[in-house]
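Chemist: Chain by chain, the residues:
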Amino acid sequence: MTVLDSLRLLQVIEYLQSDLYTRGLAAVGFIPTADSEVFKTLSAQQAVHISTLSLLLTTRLGTPVVKPTFDFTGKGAVPGFAFAAGQYETFRMLSQAFEDLGVRAYKGQMQAFQADKQALTYALAMHSVEGRHAAEVRRIRGRKGWITGSSADDLPAFAKAIYAGEDVATQGSVNIGSALASNGGVDAATQAFDEPLTTAQVTAIITPFIA
Amino acid sequence: MTDDITRDVPSPDTPGSFAERPRATSRRGFLRALGLGGTIAALPRLVVACGSDSVTEPSNGIPGTGEPLLIDFASGDVAILQLASVIEQIEAEFYARVVAAFATSNITASEQTVFTEIRDHELGHRAFLDGTLGADAAVPATVTFRGVNFSDRAAVLTAARAVEDLGIETYNGAAQYLTGPDTLLAIAKIVSVEGRHSSTIRDLQEPKNGAFSPAASDDAWRPTKAAASIQSYLVDKLGLVNVPTTFVEGPKGGG
Numbered sequence: 001m002t003v004l005d006s007l008r009l010l011q012v013i014e015y016l017q018s019d020l021y022t023r024g025l026a027a028v029g030f031i032p033t034a035d036s037e038v039f040k041t042l043s044a045q046q047a048v049h050i051s052t053l054s055l056l057l058t059t060r061l062g063t064p065v066v067k068p069t070f071d072f073t074g075k076g077a078v079p080g081f082a083f084a085a086g087q088y089e090t091f092r093m094l095s096q097a098f099e100d101l102g103v104r105a106y107k108g109q110m111q112a113f114q115a116d117k118q119a120l121t122y123a124l125a126m127h128s129v130e131g132r133h134a135a136e137v138r139r140i141r142g143r144k145g146w147i148t149g150s151s152a153d154d155l156p157a158f159a160k161a162i163y164a165g166e167d168v169a170t171q172g173s174v175n176i177g178s179a180l181a182s183n184g185g186v187d188a189a190t191q192a193f194d195e196p197l198t199t200a201q202v203t204a205i206i207t208p209f210i211a
Numbered sequence: 001m002t003d004d005i006t007r008d009v010p011s012p013d014t015p016g017s018f019a020e021r022p023r024a025t026s027r028r029g030f031l032r033a034l035g036l037g038g039t040i041a042a043l044p045r046l047v048v049a050c051g052s053d054s055v056t057e058p059s060n061g062i063p064g065t066g067e068p069l070l071i072d073f074a075s076g077d078v079a080i081l082q083l084a085s086v087i088e089q090i091e092a093e094f095y096a097r098v099v100a101a102f103a104t105s106n107i108t109a110s111e112q113t114v115f116t117e118i119r120d121h122e123l124g125h126r127a128f129l130d131g132t133l134g135a136d137a138a139v140p141a142t143v144t145f146r147g148v149n150f151s152d153r154a155a156v157l158t159a160a161r162a163v164e165d166l167g168i169e170t171y172n173g174a175a176q177y178l179t180g181p182d183t184l185l186a187i188a189k190i191v192s193v194e195g196r197h198s199s200t201i202r203d204l205q206e207p208k209n210g211a212f213s214p215a216a217s218d219d220a221w222r223p224t225k226a227a228a229s230i231q232s233y234l235v236d237k238l239g240l241v242n243v244p245t246t247f248v249e250g251p252k253g254g255g
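Protein chains in written order, with this note's numbering: chain G, 1 to 211; chain A, 1 to 255.
Calculated directly from the structure, the hints in this document are not laboratory data. Note that the structure is predicted; figures quoted are calculated from it, not measured. Be aware that one or more of the hints could be misleading.
Here chain A is said to cover these stretches of chain G; the calculated rule only asks that three of the stretch's residues, wherever they fall, bring their Cβ under 8 Å from a Cβ of chain A [as the list claims (entries may be wrong)]:
id, region
1, 141–154
2, 167–175
3, 183–192
Just some of the chain A residues that point at chain G, by a computed CB distance under 10 Å [to be verified]:
id, residue
4, V114
5, F212
6, D219
Here are the computed lysine-lysine pairs in the PhoX-like style, where the Cα-Cα straight-line distance is at most 20 Å [as the list claims (entries may be wrong)]:
id, chain 1, residue 1, chain 2, residue 2
7, A, K189, G, K117
8, G, K40, A, K208
9, G, K160, G, K75
10, A, K208, G, K144
From the three backbone atoms N, C-alpha and C, an ideal C-beta is built for every residue, glycine too.
Please work from the sequences and hints to get the whole structure.
Modeler: Structure (structure tokens):
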């Protein structure tokens, strides 16, 4: 992966998130008033991420991604989902899935940015925001803000791949699970570190959502 | 050196809690695995302040009045890990004090669960950095939280928000100086969880109003800027030496 390839991959994910929120907010009465500020914030910030990635691409003589057309049923993975009445919980599940995906996808590209300090620092500044977003959508669903083990919680089966490999309790040579034996143990150890997803993993997850 | 040990939280130095802690040999092996090879610099022998506090009386010493705590950027990735270690010691100690004060605080039961879990995560981060740096490169700090009323929910949330955001700003800015790909990945694994923490703390303060993420991009601070804020949590005199003169700004600038 070149820096340009990495930026373009991340831009597809940002478009995926952004389009979910744009369409959710556009469906009148779909998002309850109590949650609307959350999704307005997410929508606005993903749009900025898209333009920031475009800037990074064009200043490197790359071509920004043309916004894909998304199929939020995931070609059957989320049957019948159409931003319709009664489907708000499914919408929030997709949001959780795509925000946790964003965290892991950005992380998986960091090493590709290492020689390009601007791309790296910009990516890091958006990556920690993806972490903020993920925690918030998890919390409004009544979940913890962090990922325990490789649990996909109650999300549809497609999301299992988003959490695969999150259950790492040893970092480098340090067994964090043991170190936390009396302070949360392996669960806390897995929560404390988010893991990367490879380009191939991310591509496989998002492909069904591209029409 | 007792100040980073709080009553009910085993320190990584407590026998048993860290029985498998790798010693120097395996640390070098790991740093080699991180691509640091033989670059572990012999740091100046540091004398670390041991204040007048005891294990049962957490330090609220005056910032900057202790002994020097030097981080030498000539040591490469080790220096960034040392800076991270200082951050994680501050965070771990902060939440340990929050948890220790539950009995007298107005933090609700469900919030106590959140704070306890965040404490555990920070202890995990600290254990990772302790184990990775090993004894030779360790930077034990004497932390202080002057003026924070740990029994007051609002005060704790305000202080927690500041501590979490400082960690994010520090990591996001310092990562550009890393040369080892695995060190970079390790830092990235930690910083997104700090983002989750900050979001959670902010949501407890101001539920569902957008405060969880104040901007599309977080700040990325150069180490000297971060150090000025970090100093307010340290009795030690934090000194960064040989800091690279060039710094590449993040999207928000001002780092």
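Chemist: Hint compliance check: list the failing hint numbers for this structure, sorted ascending.
Modeler: Checked against the structure, no hint fails, so every one of them is satisfied.
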